[in-house]
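Chains as they are written, first to last, in this note's numbering: chain A, 19 to 427; chain B, 5 to 165.
Hints may be right or wrong, so weigh each one.
List of simulated lysine to aspartate or glutamate pairs, EDC-like, C-alpha gap at most 20 Å [to be verified]: (1) A:Lys370 with A:Asp45; (2) A:Lys370 with B:Asp35; (3) A:Lys370 with B:Glu41.
No lab work stands behind these hints, which were simulated from the structure alone.
Residue strings, one per chain:
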Amino acid sequence: MLDIENIRTQFPILGKQIDGRPLVYLDNAATTQKPRAVLDRMVEFCERSCASVHRASHYLGEEATAAYEEARETVRRFLNAPSADEIVFTRGATEAINLAADSFGRAFVADGDEVVISEMEHHSNIVPWQVMCRRRGAKLKVLPMNDDGMLEMDALDRLITERTRLICVTHVSNVLGTVNDVRAVARKARSVGVPVLVDGAQSVQHFPVDVRELGCDFLVFSGHKMYADTGIGGLYAKREWLEEMPPYQTGGGMIESVSFEETRYASLPYKFEAGTGNIVGAVSLSAAIVFLEGLGMPEISARDASLVEYARRSLRRMGGVKVYGDAIECSGAVSFNLEGVHPQDAGSVLDKLGIAVRAGRHCAEPLMRRYGVPGMIRASFGVYNTEGEVDALIDGLRRVRSMMSVGTH
Amino acid sequence: MGKPKQPKADRDATIDAAQERILEETAHLTDWMARYEYLIELGKKFEAPSDLRIGENALQGCQSQVWLKAENREGKVHFWADSDSVITRGILSLLLRVLNDRSPREVSEADLYFIERLGLSRHLSPSRADGLGMIVKRMRLFSDESRRAPETQRSSDAQRP
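Could you put together the complete structure from these sequences and hints?
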């Protein structure tokens, strides 16, 4: 079992007061805070090893390159990818999806082809595909979900045709917390020879993710949602795809040789890493993974499941609260509304109470339309959150309700 | 359809006088809860024209929706605004009370210090996506343009990026 009090002491920001009240940080699906180990490693790198990677012939350059490549190897191990060549560093999950959409699209999607996404995707896993499909003359098809916030897997059979080139689905809904059975999606897709991209932005920080076991072809993730710095993330992709895909961006670092007549691209993964990468970010990502592995992903997963369940139960017990989604397995987040209260108003009052939640559309407008609401309040959790903080949220919501005078009492 | 009953500006006062009056009226509200309850009450009483909530008046906000319409009436600017958030409506009602039916120059140059003094400046910060910051920006933009072209203007002129 995790020692939450001990974990909390490792996050300096958790000691902060907001308007004279202790910070209750429940916006971890947006970004997580950074533990001392990550912060220290970033400072240490900047103080001792800062240099550009893969270019310098000097000592510092070699040290920086070693740290950067060690980070890549750490990510490989974390995701159990077959090779570090299959890990491409990006600015985050969004850039990773843009890379995949652009490069995969140019190599494999033609006029009349189809790409399948799901109804519960974050805009980051909708818009890049929309743009790519429009460019390639392809059609974007949407796998629907039911009222419980679970994918309608039966519909997948109808959606997949011989023109389907790729299926893109989120591992965990950033709004509902639904854990999708991406293993089943991948199995079905593989049986008809279609690759699958998994958006792991809300999964890799909460439970063990093994790309080989999932059977996915692509998986994207963001460092800043897993206790690392912003501006770093990555794309895992099977070698067979990466080798066929053209570069996303071009420039320095991604070439083997350049003349004015012709350029030969570098080997994997450098072909996809034009320009100087976020080296400090990669180092922070490596430290964050070591931190997570130190706690133990199975332990983190058990703790996450129990806290999310506690939050869902507490909200339901409160009455006058609409909790969205009722998936069999939930992770990381719960979204809800107070009856008769605009989510933004609830968010403003909670903010004054030092409780940080997100109120709005959560970059998932199709999902908001599905439930017919202007927005939702989302509480999302990290390894440092406690039942006491969930209780503080519930008290805060009672306060909101009495201020809005629409109580059920 | 009845006439919109959005708050009229204190006609005989300047923008600063209107701000001072609001601060006087709210001086007894010493903690944030009392001030928010006051805004919620204002927001609930606030009435906007029913035809305001259309696409051409909508401003893009992330968390709550806001609508704004502006007119230059014989050298005075007049605004109509609405939001689906009660607290935002409450703040809007104060904002309209301060800024409505002033000269474009007054609105352009106004120092809206009452917002900070009421402890509401967080609502105006660029990170705050409730649209208030954008409303104030659009109001000023409209006023700036009115100063250059004093003829009657529609709000759409101010809504071009």
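A quick look at each hint next to the structure:
Annotation: proposed proximity of lysine 370 of chain A to aspartate 45 of chain A holds, straight-line Cα distance about 15 Å (limit 20 Å). Among the hinted pairs, lysine 370 of chain A with aspartate 35 of chain B is consistent with the structure: their alpha-carbon atoms are about 11 Å apart, no more than 20 Å. As the CA atoms of lysine 370 of chain A and glutamate 41 of chain B are separated by approximately 13 Å, the hinted pair is consistent with the 20 Å bound.
Violated hints are absent here; each numbered hint is respected by the structure.
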